[in-house]
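Line order of the protein sequences matches chains E and H.
Numbering follows UniProt numbering, with no gaps: position 121 of the first sequence is 121.
Numbering follows UniProt numbering, with no gaps: position 55 of the second sequence is 55.
I should point out that these hints are in silico values taken from the structure, not numbers from a laboratory.
Treat the hints with care, as some may be off.
To be verified - Below 25 Å or equal to it, Euclidean Cα-Cα: the simulated DSS-like pairs (lysine-lysine) are: (1) E:Lys202 to E:Lys67; (2) E:Lys83 to E:Lys249; (3) E:Lys249 to E:Lys236; (4) E:Lys281 to E:Lys262; (5) E:Lys77 to E:Lys67; (6) H:Lys272 to E:Lys236; (7) E:Lys236 to H:Lys247; (8) H:Lys39 to H:Lys272; (9) E:Lys262 to H:Lys84; (10) E:Lys262 to E:Lys295; (11) H:Lys39 to E:Lys196; (12) E:Lys267 to H:Lys266; (13) H:Lys266 to H:Lys302; (14) E:Lys236 to H:Lys266; (15) E:Lys249 to H:Lys267; (16) H:Lys247 to H:Lys267; (17) H:Lys267 to E:Lys262; (18) H:Lys39 to E:Lys267; (19) E:Lys123 to E:Lys83; (20) E:Lys249 to H:Lys302; (21) H:Lys272 to E:Lys196; (22) H:Lys39 to E:Lys236; (23) H:Lys267 to E:Lys196; (24) E:Lys262 to H:Lys302; (25) H:Lys267 to E:Lys122; (26) E:Lys202 to E:Lys236; (27) E:Lys236 to E:Lys196.
Unchecked claim - To spell it out: a stretch of chain H is covered by chain E in this simulated footprint if at least three of its residues, at any positions, have a beta carbon under 8 Å from a beta carbon of chain E; those stretches are: (28) 89 to 100; (29) 124 to 132; (30) 156 to 163; (31) 168 to 178; (32) 259 to 267.
Just so we're clear, the structure is a prediction, and the values are computed from it rather than from any experiment.
Glycine residues also receive a C-beta, built at the ideal position from the N, C-alpha and C atoms.
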Amino acid sequence: MLEVRDLRISFRTEHGRVRAIDGVSFDVAESEILGVVGESGSGKTISLLAVMGLINDPNAVIEGSIKLRGRELIGLKASEMRKLRGREIAMIFQDPMTAMTPVYTIGWQIAEQIMVHERIGKKAALARAIDLLAEVNIPNPREAIERYPHQLSGGMRQRAVIAMALSCNPALLIADEPTTALDVTVQAQILDLIRKLRRVHKSAIVFITHDMGVIAETADRVMVMYSGRVVERGTKAEILLEPRHPYTKALLDSIPPLEGEKPRRLKSIPGSPPSLLDLPKGCSFGPRCPSRFDKCAEKPPLEGGAHAAACFLKAAP
Amino acid sequence: MTAAPLLEARNVTKQFVIGNRFTAQGLRTVHAVDAVSLKIMPGETVGLVGESGCGKSTLGRCMTRLYDITGGELYFEGVDITTKTLRQMRPLRQRMQMVFQDPYASLNPRRRIRDLIAEPLRVHLRLSETEVRDRVRQLLDVVGLSPDHMDRFPHEFSGGQRQRIGIARAIALEPSLIVADEPVSALDVSVQAQIVNLLADLQERLSLTYVFIAHDLSVVRQVSTRIAVMYLGSIVELGSANDIFAKPSHPYTQALISAVPQPDLKKAGERKRIVLTGDVPSPINPPQGCRFHPRCPFATDKCREERPVLTEMAGTRSVACHYPLTA
Numbered sequence: 001m002l003e004v005r006d007l008r009i010s011f012r013t014e015h016g017r018v019r020a021i022d023g024v025s026f027d028v029a030e031s032e033i034l035g036v037v038g039e040s041g042s043g044k045t046i047s048l049l050a051v052m053g054l055i056n057d058p059n060a061v062i063e064g065s066i067k068l069r070g071r072e073l074i075g076l077k078a079s080e081m082r083k084l085r086g087r088e089i090a091m092i093f094q095d096p097m098t099a100m101t102p103v104y105t106i107g108w109q110i111a112e113q114i115m116v117h118e119r120i121g122k123k124a125a126l127a128r129a130i131d132l133l134a135e136v137n138i139p140n141p142r143e144a145i146e147r148y149p150h151q152l153s154g155g156m157r158q159r160a161v162i163a164m165a166l167s168c169n170p171a172l173l174i175a176d177e178p179t180t181a182l183d184v185t186v187q188a189q190i191l192d193l194i195r196k197l198r199r200v201h202k203s204a205i206v207f208i209t210h211d212m213g214v215i216a217e218t219a220d221r222v223m224v225m226y227s228g229r230v231v232e233r234g235t236k237a238e239i240l241l242e243p244r245h246p247y248t249k250a251l252l253d254s255i256p257p258l259e260g261e262k263p264r265r266l267k268s269i270p271g272s273p274p275s276l277l278d279l280p281k282g283c284s285f286g287p288r289c290p291s292r293f294d295k296c297a298e299k300p301p302l303e304g305g306a307h308a309a310a311c312f313l314k315a316a317p
Numbered sequence: 001m002t003a004a005p006l007l008e009a010r011n012v013t014k015q016f017v018i019g020n021r022f023t024a025q026g027l028r029t030v031h032a033v034d035a036v037s038l039k040i041m042p043g044e045t046v047g048l049v050g051e052s053g054c055g056k057s058t059l060g061r062c063m064t065r066l067y068d069i070t071g072g073e074l075y076f077e078g079v080d081i082t083t084k085t086l087r088q089m090r091p092l093r094q095r096m097q098m099v100f101q102d103p104y105a106s107l108n109p110r111r112r113i114r115d116l117i118a119e120p121l122r123v124h125l126r127l128s129e130t131e132v133r134d135r136v137r138q139l140l141d142v143v144g145l146s147p148d149h150m151d152r153f154p155h156e157f158s159g160g161q162r163q164r165i166g167i168a169r170a171i172a173l174e175p176s177l178i179v180a181d182e183p184v185s186a187l188d189v190s191v192q193a194q195i196v197n198l199l200a201d202l203q204e205r206l207s208l209t210y211v212f213i214a215h216d217l218s219v220v221r222q223v224s225t226r227i228a229v230m231y232l233g234s235i236v237e238l239g240s241a242n243d244i245f246a247k248p249s250h251p252y253t254q255a256l257i258s259a260v261p262q263p264d265l266k267k268a269g270e271r272k273r274i275v276l277t278g279d280v281p282s283p284i285n286p287p288q289g290c291r292f293h294p295r296c297p298f299a300t301d302k303c304r305e306e307r308p309v310l311t312e313m314a315g316t317r318s319v320a321c322h323y324p325l326t327a
């Protein structure tokens, strides 16, 4: 349904051109949840902002191809993109407060979105808003539409944003760290809700997170990103149980266990992610990689079919 | 527990008054910490966990007297510090330090690293400049930074390195107690483990005692000897880290642990998830009776009326629940 091919995004800065995304390709199938994992600066958010057509920076250079149901999105006119956004693709963000205007009620904000995309009266739109709020398990939706964002708790606000994103029944929902700002007990409720959405609405969902635990709970397939490139992709089981890329392995190893014997020390990855201004030659994980060898001075291609890893080691078991 | 506690909190209470104090309109009291008693023994790490608003950070700041407490008593190394003035606290501050979540916010961006780390030394000790320089060099080495970094500014460092600088400042005066408030939450996963390991190494080398405040349960389990679970300003369960995670006694602890998403797919089937309904109630107007009862799946009339107190159970475990889950 969504086909991204060789996406490259760079920014012109005073320090020269910074390549934020370097040849990223992925697909999302109908009613599939694709998990995108990576640390800050890995390019997970920016590549999906490109899908939404939300990179407005005049210094950004976007190349490659993004096709939604066969239609090319790169180079689409802003007015065309605006019609698509909200109706075909919707996005929810980490901080729901920034996605809503503080000066209008929740009900008004959801209804407005529906009225922009459909020929529908205000009353009918508000009625739809109530239904949507009920669907995302907001108690007393009739009263909730009269509330302003600041009157809701973080979890309730995130539900309201999800309701807003669902208002036009989009085919693709992009969720950027939707639970990172929430407490674990509320996070569990939102993850339940997201799984239910897929069941009921058959929406395809791209779930961006840095938390491998959240991936285990939600995703069907996983894409691991590091400094602007995809380093590994595969099904959830492949990535979590048989990771091939040393970065994925190290990431999984560095999570402290919740059960059993406590390790005396955690396995950590030395150093920190490289600056995009000064990427290492060849494999960008090379300088931190425990199994680096001569060949890593070249850029490893992402190879291996469905379960692919961008590492020269992968051939050797 | 034969030794004397390093720090003891007896019924510590902290309330904040919000609203317009001048016109006294809409004045309300936030019950941030409500009669918490806790002993911190030398050499251990006590983890404070709970959701946002449970009072864990406030309790941490009360312990180091960054906040004046509203009620109760605080003893540090046997000395009553409840009502000590700022001036009287000063010599004690050498012995208790804090590490914060965002090291960038706690480092002056206009000062070089050498001065930032030397600051506590200059304030508290009378050292010659050569001694200060040697000590800074040594501290950088201890926290895993190179002496070449001395003349750089905070913005030139990554998040993990900045946290190392924050830690170097905290250990500069060789304190006995460090209260670390979410020290790894702002860091990337791959860097988190480095800092957790560094804190463990320093504890061993410098025989430090930690109060470790965090919302990430797997990190807390890793670093803590004992864990105190907080809900709406009170400790609901206290016990050894391993026991609490293996067999939680309070329904809230059980739900909290079960809600943590785990990357281990093999164990995913065995785990039973308890999804709590609703949000944490407001500490301005906490519920009557047991404060957890509106969200508790096992609540009865007794829980709605009578507030359970933290009671010692078998071993070292204490629980504040009328119907603790059988261990």
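Margin query: Between the alpha carbons of Lys266 (chain H) and Lys302 (chain H), is the straight-line distance 25 Å or under?
Written below: Violated: Lys266 (chain H) and Lys302 (chain H) sit about 40 Å apart, past 25 Å.
Note to self: Given the hinted pair Lys249 (chain E) and Lys236 (chain E), is their Cα-Cα distance within 25 Å?
What the structure shows: Within the cut-off at roughly 14 Å; holds.
Next item on the list: Quickly compare the C-alpha distance for Lys202 (chain E) and Lys236 (chain E) to 25 Å and report which way the hint goes.
Entry: 19 Å, holds
Check: Quick one, are Lys262 (chain E) and Lys84 (chain H) close enough, alpha carbons at most 25 Å?
Finding: Violated. Lys262 (chain E) to Lys84 (chain H) sits at ~40 Å, over the 25 Å cutoff.
Item checked: 25 Å limit on alpha-carbon distance, applied to hinted pair Lys267 (chain H) and Lys262 (chain E) -> Holds, at roughly 17 Å.
Margin query: Given the hinted pair Lys236 (chain E) and Lys247 (chain H), is their Cα-Cα distance within 25 Å?
Written below: 29 Å, violated
Checklist line | chain E over the stretch 168 to 178 of chain H, status - at least 3 residues with CB closer than 8 Å | finding: Three-residue rule not met by the stretch 168 to 178 of chain H, so violated; n is 0.
Note to self: Checking one constraint from the list: CA of Lys247 (chain H) to CA of Lys267 (chain H), max 25 Å. Satisfied?
What the structure shows: Cα-Cα ~17 Å, so holds.
Notebook entry, point to check: Taking only the CA atoms, is the gap from Lys272 (chain H) to Lys196 (chain E) under or equal to 25 Å?
Noted result: Holds - the C-alpha atoms of Lys196 (chain E) and Lys272 (chain H) are around 18 Å apart, at most 25 Å.
Check: Does the alpha-carbon distance linking Lys267 (chain H) and Lys122 (chain E) stay inside the 25 Å limit?
Finding: Answer violated: Lys267 (chain H) to Lys122 (chain E) is near 49 Å, above 25 Å.
Item checked: Hinted pair Lys236 (chain E) and Lys196 (chain E), Cα distance within 25 Å -> Satisfied, since the Cα-Cα distance of roughly 19 Å is no more than 25 Å.
Check: Does the structure keep Lys249 (chain E) and Lys302 (chain H) at a Cα separation of 25 Å or less?
Finding: 50 Å, violated
Violated hints for the displayed structure, listed by number in ascending order: 2, 4, 7, 8, 9, 10, 11, 13, 18, 20, 22, 24, 25, 28, 29, 31.
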